[in-house]
Amino acid sequence: MEIRIELARLAYAENILRCTNEPPEMVEDLLSLDGELEKARRWFAFAEAKRRFDPNVVRGLLVYLFSHYASPEFDPHKREQLVREIMEGRVRMRDLTIERLAGTRLRWEHIFRLVGRQFNPTREKEKIKALYNQLYASASAVPRTEVSYGR
Amino acid sequence: MDAKYSPQQPHQDELDREQLAEFAGLFEGLRRIEYPAHPSEAILRAYIANRLADSPEAGRVGATFRDARAFQGFLQGRVPYWTRSDVAIHVLTCTRCQERVAYLRARRWQLLGSARQVSTTGTRSWWRRFAWGALGAAVAAVILAALWLWPSSPLSPACWIEERCWSEIIQESPTKGSVMVVYRRGRF
Chain A
1 MEIRIELARL AYAENILRCT NEPPEMVEDL LSLDGELEKA RRWFAFAEAK RRFDPNVVRG
61 LLVYLFSHYA SPEFDPHKRE QLVREIMEGR VRMRDLTIER LAGTRLRWEH IFRLVGRQFN
121 PTREKEKIKA LYNQLYASAS AVPRTEVSYG R
Chain B
1001 MDAKYSPQQP HQDELDREQL AEFAGLFEGL RRIEYPAHPS EAILRAYIAN RLADSPEAGR
1061 VGATFRDARA FQGFLQGRVP YWTRSDVAIH VLTCTRCQER VAYLRARRWQ LLGSARQVST
1121 TGTRSWWRRF AWGALGAAVA AVILAALWLW PSSPLSPACW IEERCWSEII QESPTKGSVM
1181 VVYRRGRF
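First to last, the protein sequences are chains A and B. So for the first sequence, our numbering puts the first residue at 1; every next one is plus one. So for the second sequence, our numbering puts the first residue at 1001; every next one is plus one.
Chain A extracted, bound-state conformation (with noise of 0.2 Å):
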């Protein structure tokens, strides 16, 4: 059960990347029936970012996050022909999946011929966590000011 959870949990995250997701309200309850509430809303709060800031700069650091942590495992022929497809501009976010995108390992110069732009990924991942921080942080049982994305 545990893992259908976190595979539900992810499955989200991936509709958040192709904009067909439902708003977090909708699904908490769902995606933290497992009790791992707090792991949910780190991904509601990409959800949330994409409201609140660029949403295709939400989107890229979401592909860029499929990409590399979705599979242990480096596939170099599936890498050589996502990015061939990205640098002919013949693929768009909306097109991508999770398991597209795992085990690619793209850069970020790919990233942004897919968003259309560049970008700081270090300050947006900063917002991101900020805004973690202010949707969550006060609602939390045990009263924190920061929260550990370690593992």
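Keep in mind that the hints are not guaranteed to be accurate.
Listed next, with one range per pair, are the computed distances between beta-carbon atoms [claimed, not checked]:
hint, chain 1, residue 1, chain 2, residue 2, range
1, A, M87, B, R1051, 20 to 28 Å
2, B, W1126, A, M87, 22 to 30 Å
3, A, E109, B, F1130, 17 to 25 Å
4, A, E80, B, Y1035, 25 to 33 Å
5, A, M87, B, A1141, 42 to 50 Å
6, A, L33, B, Q1110, 38 to 46 Å
7, B, R1129, A, P55, 44 to 52 Å
8, B, R1107, A, E73, 31 to 39 Å
FYI, nobody ran anything at the bench for these hints, they're computed from the structure. C-beta atoms are modelled at their ideal positions from N, C-alpha and C, and glycine is treated no differently.
Given chain A's structure and the hints, the job is docking chain B onto it.
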């Protein structure tokens, strides 16, 4: 918070040091699953070709989270219809389907590559035909123009209008009396 960042874009090396490692924990629970059922080849082909929708109905919201019933189906691995997300997550965690998708994707890539080659050749021959047609039309137009212009522009006119270039001679005819005959000089 933003003050510590330069307004200029960082260099590529600097960029590639940013790996969003803080979020890696979100994927920790991901592992292979033994599924009792798998998507058919037709579904996988549609998925690869981006023809599989997130929802079988109109609307943009994915069907997986639309209601508790659909979500329960997802959790139990019994989906009434395969959405794009369902297939993506299934393939991500199913070794067998990963191999099938890799094979189908390679085949599709190969077919698209050869189709693109044929299309390029077709375009090239079309251009060649067009070029030959245009050249032929141009040659025909030049010939017609030359034929049309030739009589009206002689290379060297016989005389100028200011210069009298004819002579008039009165001849006596036994039947018609005096007849004036005009002779033109030079080229006639």
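Structure-based check of all given hints:
For M87 (chain A) and R1051 (chain B), the hinted distance range of 20 to 28 Å is satisfied, since their beta carbons lie about 23 Å from each other. Distance hint for W1126 (chain B) and M87 (chain A): a CB-CB separation of about 27 Å, consistent with the stated range 22 to 30 Å. Checked against the given bound of 17 to 25 Å, the beta carbons of E109 (chain A) and F1130 (chain B), roughly 39 Å apart, lie outside it. Our hint of 25 to 33 Å for E80 (chain A) and Y1035 (chain B) holds, since their Cβ atoms are close to 28 Å apart.
Under the hint 42 to 50 Å, the C-beta atoms of M87 (chain A) and A1141 (chain B), about 45 Å apart, fit the expected range. Look at L33 (chain A) against Q1110 (chain B): about 43 Å separates their beta carbons, and that is inside 38 to 46 Å. A hinted range of 44 to 52 Å for the beta carbons of R1129 (chain B) and P55 (chain A) is consistent with their spacing of about 48 Å. Roughly 22 Å separates the CB atoms of R1107 (chain B) and E73 (chain A), a value that falls outside the hinted 31 to 39 Å.
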